[in-house]
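*Asks:* Residues per chain are reported as follows:
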Amino acid sequence: MLFLQQLRGELRKLYARPRTWMGYGAFLLMEVLILWVYRREGSQRHMRDLIERNNLEFGDYYSSLTITFTIMLLSMFLLGSVFFALVAGDIVAKENEDGNLRMVFARPVSRLRLLLIKYAAVCLYTFSFVFFVGISGYLMAVAAVGWEGGLFVMEPRMKVFAAYPDWWQGAGRLALSAAGIGLSMITLSSLAFMFSCLKIKPAAATILTLTILFVDMILQGFPFFKPYETWFVTWRMSAWVFLMETHLSWPKLIESYAFLFGLNLTFLTLGWAVFQSRDFKT
Amino acid sequence: MLEVSGLCKSFGGRPALADLSFRIGAGEIYGLLGHNGAGKSTALGIILGMIHPDRGDVTIDGVSVRSHRAHALAKVGAIFEAPAFYDYLSGWENLRVLMGYSGGFDPASARTTVELVGLSERIHSKVRTYSHGMRQRLALAQSLLPEPAILLLDEPTDGLDPEGIKWFRDFILTLRRERGMTVLFNSHLLAEVELMCDRVAILRDGRRVFEGAIGGLHDEAQLFEVGLDPWTAVADVVTACGGDIPAPGRLRLPLGADPALLVAALVRAGVSVRAFAPIHRSLEDLYMDLRHPESAPTR
Chain R
1 MLFLQQLRGE LRKLYARPRT WMGYGAFLLM EVLILWVYRR EGSQRHMRDL
51 IERNNLEFGD YYSSLTITFT IMLLSMFLLG SVFFALVAGD IVAKENEDGN
101 LRMVFARPVS RLRLLLIKYA AVCLYTFSFV FFVGISGYLM AVAAVGWEGG
151 LFVMEPRMKV FAAYPDWWQG AGRLALSAAG IGLSMITLSS LAFMFSCLKI
201 KPAAATILTL TILFVDMILQ GFPFFKPYET WFVTWRMSAW VFLMETHLSW
251 PKLIESYAFL FGLNLTFLTL GWAVFQSRDF KT
Chain C
1 MLEVSGLCKS FGGRPALADL SFRIGAGEIY GLLGHNGAGK STALGIILGM
51 IHPDRGDVTI DGVSVRSHRA HALAKVGAIF EAPAFYDYLS GWENLRVLMG
101 YSGGFDPASA RTTVELVGLS ERIHSKVRTY SHGMRQRLAL AQSLLPEPAI
151 LLLDEPTDGL DPEGIKWFRD FILTLRRERG MTVLFNSHLL AEVELMCDRV
201 AILRDGRRVF EGAIGGLHDE AQLFEVGLDP WTAVADVVTA CGGDIPAPGR
251 LRLPLGADPA LLVAALVRAG VSVRAFAPIH RSLEDLYMDL RHPESAPTR
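Chains R and C are the protein sequences, given in the same order.
Oh and the first sequence: position 222 is 222 in this note's numbering, straight run, nothing missing.
Oh and the second sequence: position 178 is 178 in this note's numbering, straight run, nothing missing.
These aren't lab readings, by the way, just hints derived from the structure by calculation.
Any given hint could turn out to be false.
Stated by the list, open to error - Using 16 Å as the maximum straight-line C-alpha spacing, the simulated EDC-like pairs for lysine to aspartate or glutamate come out as follows: (1) 281/R <-> 81/C; (2) 166/C <-> 155/C; (3) 281/R <-> 98/R; (4) 281/R <-> 155/C; (5) 201/R <-> 97/R; (6) 199/R <-> 98/R; (7) 281/R <-> 54/C; (8) 75/C <-> 3/C; (9) 199/R <-> 97/R; (10) 252/R <-> 229/R; (11) 94/R <-> 87/C; (12) 159/R <-> 229/R.
Let the sequences and hints guide you as you build the complete structure.
*Replies:* This is the structure we're talking about:
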């Protein structure tokens, strides 16, 4: 109960900072931009080609669900990661830089508990942000093309293709995929959180996190690393796409999420070990 | 109530604290004095568990801060110089967040404390709009929630105007009188320490070079500024009376010795006494002597 009260306090701090809302604003703008692009004739022609090449009716699958899926597929890794790294990289390092931690350390709370509260807040932020993007993207898409239609999924890199003509089925899969993205992105937030526990500036924690993410992404694209792609964090983080497959491959999903969970735990433990041993000078 | 024993701490090989020990009894106001970098804030950081000591320990009510930090700090409140609140939250929200770490937020006691420190009117404004004085009042409010038995004050009056300093001092003294609060007052404002504290320790380069009661500072010896002639005859007379000459123009007599007897003896020895005035030794005198022992021959 006390943990929840402390978590509420942490979330109150988190959402009272303008930089927390930057991500929301940026995504709303981007969604408007994507929808504008989707309304262009050239874009629709491209979508029509893609859908009809797979022997599906363009009218059935050019829908708010398909657009929402595309928004999440295209934006979450590149744009989302920036804001997750920013918020998680700030959460400890910024408070240390500003001197707020001194006030907290005058309180009878252990360092481990303090970190767990902050980590829980970061995870909640990450998870809820993904759903915000999904829901806001869907609502905008509904405003643009109406609510009806199925879901068309195509992700060549992960070799996933699926079509759900029924709205309910499509919406269910989309919600499931949002949960999967949320879990995947927690790994990125955990990495930034670990850096935030080090004796570095908040901006450095954010930059280090993004550097690791992008280096991982770039190397994964090299043909040389193709046989080893499953060892790349970003490949594992993309495992949420498997949730869109018609027949869910649970072993594949469990393996990837166990891999990510192990990483999260490692990052949290390392962060805590450093945080625990640090001196916080006044 | 609070016991600091054998604290040692180095940063990058440079000693910040060397075998610091002191003890503060219940209801006592204890001053920790020292120049910048003397180790005062390091000591406070260790007491709060923010800094890990290389050696030594701190116990609060018999509970070790090193091994049971959360339990030991359950009845401790602290104020820092330039307290860093969450500027983007209101004063009230800051109290809510900080009290959350101390076992939960109690709006009724928060309201009472806010009234006590005189911040009721602005408590729902964002902290970024507060003056330094208002921040210190908020710092005081948060340190008093919930009901501490010990207050740790790290240069709390720095940057306050004279009125603010007096208000703060009176407030702390009232707390001690009415609640029996124990206070560790960390400062380099000698006058404030002298006015507030019962006992004082002086740190120099991480070492305690003095500890004693404020009231007893004047009682170690009697010092006089004198105008005597001829000076050559003075030494024997002073020595015969149990005193000594710490510096030209100064005489020192042991506590309890009658200066009138010395004056009479000097006159009898043919010394002309043109001036004979007692020098009252202040905390500042003592501090300066200890800070610069090489240039303090007169004390």
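*Asks:* Does each hint fit the structure? Answer for all of them.
*Replies:* Quick rundown of the hints versus the structure:
Simply put, residue 281/R and residue 81/C have alpha-carbon atoms about 13 Å apart, close enough for the 16 Å limit, and the pair holds. For the suggested pair residue 166/C and residue 155/C, the alpha carbons sit about 14 Å apart, so the restraint of at most 16 Å is met. Our distance criterion of 16 Å between C-alpha atoms is met by residue 281/R and residue 98/R, whose separation comes to about 12 Å. In summary, the hint linking residue 281/R to residue 155/C is supported, as the alpha carbons are separated by about 15 Å, within the 16 Å threshold.
The suggested pairing of residue 201/R with residue 97/R holds, with an alpha-carbon distance near 7 Å, which does not exceed 16 Å. Among the hinted pairs, residue 199/R with residue 98/R is consistent with the structure: their alpha-carbon atoms are about 13 Å apart, no more than 16 Å. Distance hint between residue 281/R and residue 54/C is fulfilled; the C-alpha atoms sit about 14 Å from each other, no more than 16 Å. Distance restraint check for residue 75/C and residue 3/C: the Cα-Cα separation of roughly 15 Å lies within the 16 Å cut-off, and the hinted pair is therefore satisfied.
Distance check on the hinted pair: residue 199/R and residue 97/R sit about 10 Å apart at the alpha-carbon level, within 16 Å; holds. Our distance criterion of 16 Å between C-alpha atoms is met by residue 252/R and residue 229/R, whose separation comes to about 14 Å. This hinted pair checks out: residue 94/R and residue 87/C have alpha carbons roughly 13 Å apart, not beyond 16 Å. Taken as a hint, the residue 159/R and residue 229/R pair is honoured in the structure, with Cα atoms around 13 Å apart against an allowance of 16 Å.
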